[in-house]
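Trainee: Listed below are the residues making up each chain.
2 protein chains.
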Amino acid sequence: MTTSLFGEPIERREDPRLLTGGGRFLDDLGRDALAAAFVRSPHAHARILDIDLSAAVDVEGLVAIYTWEDLPGGVGDPLPLLIPHPAMTHGRTGLPLARDVVRHVGEPIVMVVARDRYLAEDAAELIRVDYEPLPPVVGIENAAAAERLVHEDVPGNVGAHLVQEVGAAPAAIEAAPHVLEFRLDIERSASTPLEGRGVYARWDAADESLRVYSSTQTSTSVRMAVAARLGLPPGKVEVIAPDVGGGFGVKIVHPWPEEVLVPWAARLLDREIKWTEDRREHFVASAHERGQVQFVRVGFDDEGRLLGLDVRILHDHGAYTPYGIIVPIITSTQLLGPYKPGAYRVEFTSLYTNTVIVTPYRGAGRPQGVFCMERTMDRIARHLGRDRAQVRAANFIQPEEFPYDQGLTFQDGRPLIYDSGDYPEMLRKTLALIGWDSFAELREAARSRGRRIGIGLGCYVEGTGVGPYEGGHVEVDTAGRVHVSTGLTSQGQGHQTVFAQIVAAELGVPIEDVYVTTGDTRRFGYAVGTFASRAAVMSGNAVALAARKVRDKALRIAGDALEADPGDLQITDGTVHVKGDATAAIPLRTVAVLANPLRYAFDAEAQRATQFAAPADPAAPPVAPGDEPGLEGRDYYSPVRSTFAAGMHAAVVETDPDTAEIRILRYAVVHDCGRMINPRIVEGQIHGGVAQGIGGALYERMAYDPAGQLLNASFMDFLMPYATEIPRIETDHLETPSPLNPLGIKGAGEAGVIPVSAVLAAAIEDAEGIRVDAMPISPDDLFHLRLRAGTDPSLRL
Amino acid sequence: MTTSLFGEPIERREDPRLLTGGGRFLDDLGRDALAAAFVRSPHAHARILDIDLSAAVDVEGLVAIYTWEDLPGGVGDPLPLLIPHPAMTHGRTGLPLARDVVRHVGEPIVMVVARDRYLAEDAAELIRVDYEPLPPVVGIENAAAAERLVHEDVPGNVGAHLVQEVGAAPAAIEAAPHVLEFRLDIERSASTPLEGRGVYARWDAADESLRVYSSTQTSTSVRMAVAARLGLPPGKVEVIAPDVGGGFGVKIVHPWPEEVLVPWAARLLDREIKWTEDRREHFVASAHERGQVQFVRVGFDDEGRLLGLDVRILHDHGAYTPYGIIVPIITSTQLLGPYKPGAYRVEFTSLYTNTVIVTPYRGAGRPQGVFCMERTMDRIARHLGRDRAQVRAANFIQPEEFPYDQGLTFQDGRPLIYDSGDYPEMLRKTLALIGWDSFAELREAARSRGRRIGIGLGCYVEGTGVGPYEGGHVEVDTAGRVHVSTGLTSQGQGHQTVFAQIVAAELGVPIEDVYVTTGDTRRFGYAVGTFASRAAVMSGNAVALAARKVRDKALRIAGDALEADPGDLQITDGTVHVKGDATAAIPLRTVAVLANPLRYAFDAEAQRATQFAAPADPAAPPVAPGDEPGLEGRDYYSPVRSTFAAGMHAAVVETDPDTAEIRILRYAVVHDCGRMINPRIVEGQIHGGVAQGIGGALYERMAYDPAGQLLNASFMDFLMPYATEIPRIETDHLETPSPLNPLGIKGAGEAGVIPVSAVLAAAIEDAEGIRVDAMPISPDDLFHLRLRAGTDPSLRL
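Taken in order, these protein sequences are the chains called A and B.
Just so you know, the first sequence maps onto residues 120 to 916 in our numbering.
Just so you know, the second sequence maps onto residues 120 to 916 in our numbering.
Keep in mind that a hint or two might mislead.
Heads up, the list lumps identical chains together, so a pair's fine if it works in one copy or across two of them.
Said to hold, decoys possible - The calculated lysine-lysine pairs, modelled on PhoX-like cross-linking and capped at a C-alpha distance of 25 Å, are:
hint: 1; residue 1: K459; residue 2: K355
hint: 2; residue 1: K698; residue 2: K672
hint: 3; residue 1: K459; residue 2: K698
hint: 4; residue 1: K698; residue 2: K668
hint: 5; residue 1: K672; residue 2: K355
hint: 6; residue 1: K672; residue 2: K548
hint: 7; residue 1: K355; residue 2: K668
hint: 8; residue 1: K459; residue 2: K548
hint: 9; residue 1: K668; residue 2: K548
It is worth saying that the hints were derived from the structure and are not from the lab.
Use the sequences and the hints to build the structure in full.
Mentor: Shown next as structure tokens:
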């Protein structure tokens, strides 16, 4: 493989277009489309008694109003439960439009279609829904108490319950020299991408086909869902993810009610219809994550080595479980991080509450798991009076132990086996980067000046590139352009750059000639989607494999044309030539003409080069068995299991003794995602993740009142960090290539966010000398912690 | 293979839709589109001095006017020469819009775009073009005389000259006991489908893609041409052939000027534009065929066996040669028919004339070739006083001689080798069907009553299923529907029926579940096109091969699910089951769910059947190497050479002694196209071909005056036979399977038309006792022949 481009920190090719306003996001499309708006439940739990449309029907410009009664079979059926699991004994999904009971604020009840959004909202406001309020279940403890039920037929509000065990953890803990037991709390947060969800659909009556644009992370699955629900052949449904302004998980779920309803109505009315989520809808009617209570019991030896670990998790899953129980499964398995836990037992209970659904948000259960494990490590170190880094090092899986089987079942149903890594070296780099060994001096010096500073450390591994597959297609056209497509979608990650780098390197063409298409079912119909830090691993390897097929074919055809052995040829700058002989050469665009037995050459040069070429062997078919016309190749990358990236973060924070303000003075990251395609983009991903992690650790929480009303459902009330809150992030890399895939890469998309809460909790603890067991932590929280620690010494370290 | 459907004469599935007005032809689309109209040359040969648009620009509703000067590079370049050949030393193509010289009446000069066609025509009429008339070259003899030139730089008006020789024919003829020498004339005719050409284009600015509907026989090639000319990636151009009301060859040519100009303007203006050819445009600005003069010299023995044959052909190619010299090549090689010619020499000269271009029309050079050979056979028989059938039989290739190599190079550049046939048996059937042996009695009996009846016989072989390839794709969706697609187009041949029969039989599904798409580049991007009697052979075998892949995959997956050996399974009525055990079964729709590792099941039954299926082998990738997700298969059929169908026709005609009216009393066809997919459709093809052949033999001619004006350029003046002129056609079949393709089939699309002129000439000759050397022959022609035979005894038999 040519490596001239692979690994280079080139600038993002998509940026000039996006930075100059050239992006085409969902709401930029369909400017003449009708608009949809929704009447949504104002109650967290209520029975619908009546829906009165009479006042709405006179709104000028109104086109249609639909309730559940109007939906045909298929369209009105319960939404699918996407990832079933035997442990999910009581999975429940909602209806596209609620029929009799609503179970969270924001649940859709009526769809209104009108000439524009203003009129649609006007009409929606005039629709009167009579409710009988039902008692809401809000908060994990209320759900577990089960005095009230979210679903009448789900006893105890328990949707799922799963235990995984490696060894006999309770016994090992009992027998351990040291035992600690404690509780941790993580509150809800959410993806909150800059662009919310949205769908725009149009029906082509002549073609009997449907075009759906959706701001989605999985256009192929939206296609499958829409085709199945509307009874259309998949080939008659085109789903395109245009420019997408961030996803972070919330756009994986499918079909969202709107993704079924808008296309259905567009076909029924034979009119273009668009719906763009507003910010309040995003807060109350999309999805959240993170909310868990964890009960930890750990036994360890004098060096801090784990002997037994027992974790019980109560997971808040919201009102429905359309996406299954991936999040608590990931927490349960990934919390082990780079460590050998000794005997391990983990148990989670997934609880229904009358709040919006919980689905993966960047990190997807890992931040909670890492919070649990890293808080445990810090507690052990404090308990033993040992250095926190040394305790971690004592528990590391060693480089020579890979592949390392944790003995658990991963989210994909396959064994949890780490493929590669070097955790001791990573720790060494992290401690060096942050200046760990000399920090005690600094802390004391600061303290002597009345300042409180602390240092924290957090380690994690992340299973990335989860299967089952992703495909790639590479085509060289007769103008020499290289068209790369893969089915997964882009939400701003730089796929136009990294996939082009891969293909340009594999094929030996200038990157300027490479055009990348993602998330367009017209170009590639099979895909899984963009989530789980899988795009680069899965589609990156798929396009590489496809490009290698194209390269092999090009060399074979050029070999025939140049009467040379393909092994003696190479491709440079888009031209195939004999190694060491620049005169014996043929451009790829001409190879593309020769690759189709029709030999359609529309430029004079190619026509000269190909039209009187020696006739093919008369005894051979023009298209050899197993071959196809055209200079193109398609292939799939389908791994036997995930590849495990890893990272260690360290931070120095300062807390204000008076105001309890928390300021991050330094933030250091050492990251290992195997071979990097583009270090600039990897760092961008890490920086973005850390920023999102800082939001989750210090600012963001979903403030539900006891009635299930989200009190801060706007960016006026929900705090997201600005650039002013994010410190410069110091980054270093380690590259332990994955042995599982041809390019040796691992995923990096979620990495940054994962350990931030753990790291900052540790640093605040270190600065304050009081225990931090819950995140996020605001100045107000810290102030109250200080007050409580003043009266309760057990809270002091 | 299940054969329950293959070979059955089921009714055409497309007919209910088409017969009840449900067809969607080009002009049914784009009702809101702008309309294009063209200013075309009224002169056969002229220099353009000036184009004055001033009067046109004020037409209300006018949108744009374009001359050649307005066209950018690519769009304005000379049209491609599609099939180059070394013998075509002076190939010439026109410009999309003429620049300085026009070379036939109807050549486009200005494109007008307006709100509707009326306004566009109004504006076109107001455009004044000043011409300097140049001397026109009209007719083969004028072209050969070369006193005037069509292209200044083409000496002698000779575009191409080709000689093929097997043995030394002149010497063999010299040495033969009998020699005959004569001239034959065939006039021009044309495809004249019910629906003319047409193109409708729209640009999607958001998607930067172009949708082009064209009434074409080759949508994939139109796509390649449009993409190349407009500088667009092929993936951004979708070309769809909607319902097409006949093609017969004229819609193979591409790109027609309008196919480039309309899409170009649609993109430039970002408006939908449509152009529908009117009938006069079709006559003067599309394409003709047939026109040839042949000089024959033949030597033979006392039994009429050919010893040497020398044919010189002057071929009228019209003003340009965009499609190359396929037509005279076919005449040169296919005229040999079922015979062994002894030594053979054929030479053709392709001549330019100031008439519309010549491209293949159903039969494509074969009717002329068969006219030559069958007239020769009849002459030999008369010369020797032998039975015409016996002379033919004496020259037949025998069944045991296959594969039979004629020693020539076929139109595809490959050796002309016949694959299979049984000509003696076919002759026996033909003579029996028409009652050959007893006809002399009837003729004499009629004559004794003052009536003139005659019998004629004509034999041909036809190379069908020409390569290089065609592809097929078969997909079973999760609703159990089977979607079949192939890249070639349909013009009414019944592809919805026959391709579905093939796939239903191969897959074991009800034909009602099979949906066929043709001619849509979105569904299948690579194809050659529908012509040369190739659709059934090429795409039929391609979809069969694709269906076999699907079948194999379905059995493999079902075998896993049912824990059975795939060899013990069969598919019946869309369900895979263990042979002899109806309880162990899984429907194909569920197999389709299992075929995608995502296992997206949107119906409850499939979800139950698949969601908790045993986990895959953890050591195996979910998509095995070389496999792909989905229950689908794609394959190509690419033959080493063409397969040779054959047919023999016999007819009885009556000529009126007074009016010279010619009436066909009986018409018999014995046809061999190998294994028949659907005999009903084969017979429909034959009947249609015979009708078209009768038109060519008795009614249709292109009447050019010396100035190059086509005097009969409308259906008021150009005679096509009505149903009243077509006799009942008696049909019998022989099936000698082709050994070249998996289904053993041969093409049947052109068959009917090929020998009709030869057969009717022979029958008229037999009735009249005077030589018929030129076709078509009208009552007026026959009357004048009689007059000349009265004064010139050499014209009498």
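Trainee: Does each hint hold? Answer for all of them.
Mentor: Structure-based check of all given hints:
In this assembly of identical chains, the alpha carbons of K459 and K355 never lie at most 25 Å apart, being 51 Å within a copy and 53 Å across copies at closest. For a Cα distance limit of 25 Å, the shortest separation of K698 from K672 inside one copy, 17 Å, qualifies, whereas the shortest one across copies, 42 Å, does not. When the C-alpha separation of K459 and K698 is checked against a cutoff of 25 Å, the pair qualifies neither within a copy, at 51 Å, nor between copies, at 52 Å. Taking CA atoms no more than 25 Å apart as the test, K698 paired with K668 passes inside one copy only; the shortest distance there is 20 Å, against 40 Å between copies.
Proximity of K672 and K355 under a CA criterion of 25 Å is satisfied inter-copy only: 24 Å between copies versus 32 Å inside one chain copy. For a Cα distance limit of 25 Å, the shortest separation of K672 from K548 qualifies neither inside one copy, at 44 Å, nor across copies, at 51 Å. For the homomeric pair K355 and K668, the shortest alpha-carbon distance between copies (23 Å) is at most 25 Å, but the shortest distance inside one copy (29 Å) is not. Taking CA atoms no more than 25 Å apart as the test, K459 paired with K548 passes inside one copy only; the shortest distance there is 21 Å, against 87 Å between copies.
Proximity of K668 to K548 under the C-alpha cut-off of 25 Å is found in neither arrangement, the shortest distances being 39 Å within a copy and 54 Å between copies.
Checked against the numbered hints listed earlier, the structure breaks hints 1, 3, 6, 9; every other hint is satisfied.
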